[in-house]
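Number of protein chains: 2
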Amino acid sequence: MTDQKGPNKDQIAKLLAHKKEHFGRLTPTVLFEKIKHGDITGLSESITLLESEKESDIEKSQELLKMALPFSGNSIRIGITGVPGVGKSTFIETFGMHLIEQGKKVAVLAIDPSSERSGGSILGDKTRMSELSKSDKAYIRPSSTAGSLGGVARKTRESIVLCEAAGFDVILVETVGVGQSEIAVHSMTDFFLLLMLAGAGDELQGIKRGIMEMADSILITKADGENVKKANLARSEYKNALHLFPPSENGWIPKVETVSAYNNKGIDKVWEILVQFVDQLGPSSWIEKKRKHQQEYWMMETLKDILLQSFYHTKGINEYIEEVRKKLNKDEITAYQASEMILSYYNEHK
Amino acid sequence: MTDQKGPNKDQIAKLLAHKKEHFGRLTPTVLFEKIKHGDITGLSESITLLESEKESDIEKSQELLKMALPFSGNSIRIGITGVPGVGKSTFIETFGMHLIEQGKKVAVLAIDPSSERSGGSILGDKTRMSELSKSDKAYIRPSSTAGSLGGVARKTRESIVLCEAAGFDVILVETVGVGQSEIAVHSMTDFFLLLMLAGAGDELQGIKRGIMEMADSILITKADGENVKKANLARSEYKNALHLFPPSENGWIPKVETVSAYNNKGIDKVWEILVQFVDQLGPSSWIEKKRKHQQEYWMMETLKDILLQSFYHTKGINEYIEEVRKKLNKDEITAYQASEMILSYYNEHK
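Respectively, the protein sequence lines represent chains A and B.
Numbering-wise (our numbering), the first sequence opens with residue 6 and increments by one.
Numbering-wise (our numbering), the second sequence opens with residue 6 and increments by one.
Looking at chain A on its own, in the form it has when it is part of the complex (with noise of 0.2 angstroms):
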């Protein structure tokens, strides 16, 4: 009989499902060997399993991190933000590629939670760097877009972690300039790129303030055929407006500068200012330090998100807050009031 030479239909159903079980989601031991061989797909699956979630995946990922972190940290982090359809997809390809040519690995992140959406996706699909994607010193990893800001920030901030560990130099870092996104990039990165159209119009509407004063560098973007002269007027002028912020704590003057994607230009330029960047803050160990203090406000930033979870998960608390809010939009009582009205409430219903 055929049984006895091999498991029955039951047997094989059984011997998957404990194959999946146990295999389906790798150890975090074997998932690290593999980020540390450089292996994509484990470092894929080390990702998903972030994003995953589940209480003991969350346990799993954490003994990966912990093995990971001191193989990290050898990757220069780099933040980009700009309005949709400044050309970020593009600049990312061919920066990329340009990258890739200098002997570099690149990993490309992106932060974009799906509540601060205000159009144009990010990496939503691979096909709008399809070059980068198709080479093998590349890793594109579109962004986890459920959750918090928090949440996906903490993803994103752990993935550079992975990515590092798997032997990549340069981490991009996406996200699209409408939002507290920003700031979540900007502490998590060493370097932050804001990319920017020439004309100083309609434009800008989406960009938030605040958001030019994090820049390490503007590039103003598709300064090409008509557009170079415009470009060109623009960086003139951004040089001219940024030499009057107040300088940033590490002495760094933000650069501006032209590029075209299209006719590959000035690409080359924005690598040079990274290098500038490193060789001038590198001596003092600022980047350094500037990591430790990133690892400081996550610690920080995590514990409030938890106990602030907690809060907002009290039983009928929001309809709550949302009945005093009302009270003090009559003036019928004040802020203080109205807070102690929320925390006494919670204090009864914790």
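Hint data in this document are derived by calculation from the structure and do not stem from the laboratory.
Check each hint, because a few of them may be wrong.
Computed Cβ-Cβ distance ranges for the label pairs, DEER-style [stated by the list, open to error]:
| id | chain 1 | residue 1 | chain 2 | residue 2 | range |
| --- | --- | --- | --- | --- | --- |
| 1 | B | S61 | A | Q185 | 38 to 44 angstroms |
| 2 | B | H318 | A | S140 | 52 to 58 angstroms |
| 3 | A | L238 | B | N269 | 35 to 41 angstroms |
Here are a few chain B residues that face chain A, going by a calculated C-beta distance under 10 angstroms [said to hold, decoys possible]:
| id | residue |
| --- | --- |
| 4 | D15 |
| 5 | M219 |
| 6 | N245 |
| 7 | V283 |
| 8 | M305 |
| 9 | I311 |
| 10 | E324 |
| 11 | I326 |
| 12 | L348 |
Bear in mind that the values here come from a model prediction, so they are computed numbers and not experimental data.
Idealized CB from N, CA, C, for every residue including glycine.
Since the structure of chain A is already known, use the hints to place chain B on it.
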């Protein structure tokens, strides 16, 4: 016997103690009546009550505020910042006197939490505003310096309400351009004035990044004597720079002017800018909406403050955080694990 004609020494002492108990701090109703009649002593006593940390005083002050709320809101609230040495006091003195000449009543408040002091005491003595402090159309109140920024900010916000109920038309809230206090002032005022010195050199070191983008108007101070040319140059530079900034949500374009408090030049223009601001934004009730948002913001901030306070008051938590921070800095744990550890400590010791 003289004893029969009046109270003896003991009786007098008892009477005085009784009087102090009941009238040393007037009741909210009496204080409110005084405020409504524009009584400056009553206003001062009320703000002192706001500043008290005693539980019974807090209750009283909230009761008073509740009565005052419907009579508040009829002023324009102006935040003023700039580094020490920019000439804030002199500007406020001159600007304040100009407003009084226009028939306005002017209150000057300040935010200057002791922890953020970096030199240049604010409103430390009224001698620096000698004319203004003598006018019965002006009220100058130095910042309460005790406590956290959150606490100081709350008291200043609440003082605004009382000053408005007392009939003041213009509230100036002064701060020093070096820290978080700008954000606090920005979120309790309608209009944000940034004072700057001409010459974009070392003077700027003190201003934090991001502050400039909050400004509704930048004033180049000390535009007198040999400084005039430099100030005019700075004005046109900032004007050019600001038009490159993302426009603010309300559509207002920040105005840049030069002023000389010494020669009393340009001060009238500042008031004209404010009138223009109110004219432009009044019809859309933008200011009203902004104030409602600010109220809600403060409600949530106060709530967060109270929640975090209870966290930080947990016995030994600061030492434990320090321990965890060290592990984090040595890459022994992840930021997420660090926050989990601190949270477990909190849950065990709260």
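Going through the hints against the structure:
| no. | hint | verdict |
| --- | --- | --- |
| 1 | B/S61 to A/Q185: 38 to 44 angstroms | holds, 40 angstroms |
| 2 | B/H318 to A/S140: 52 to 58 angstroms | holds, 54 angstroms |
| 3 | A/L238 to B/N269: 35 to 41 angstroms | holds, 39 angstroms |
| 4 | D15 | violated, 42 angstroms |
| 5 | M219 | holds, 7 angstroms |
| 6 | N245 | holds, 6 angstroms |
| 7 | V283 | violated, 21 angstroms |
| 8 | M305 | holds, 8 angstroms |
| 9 | I311 | holds, 6 angstroms |
| 10 | E324 | violated, 16 angstroms |
| 11 | I326 | holds, 9 angstroms |
| 12 | L348 | holds, 6 angstroms |
Of the numbered hints given earlier, the model fails hints 4, 7, 10; all others are met.
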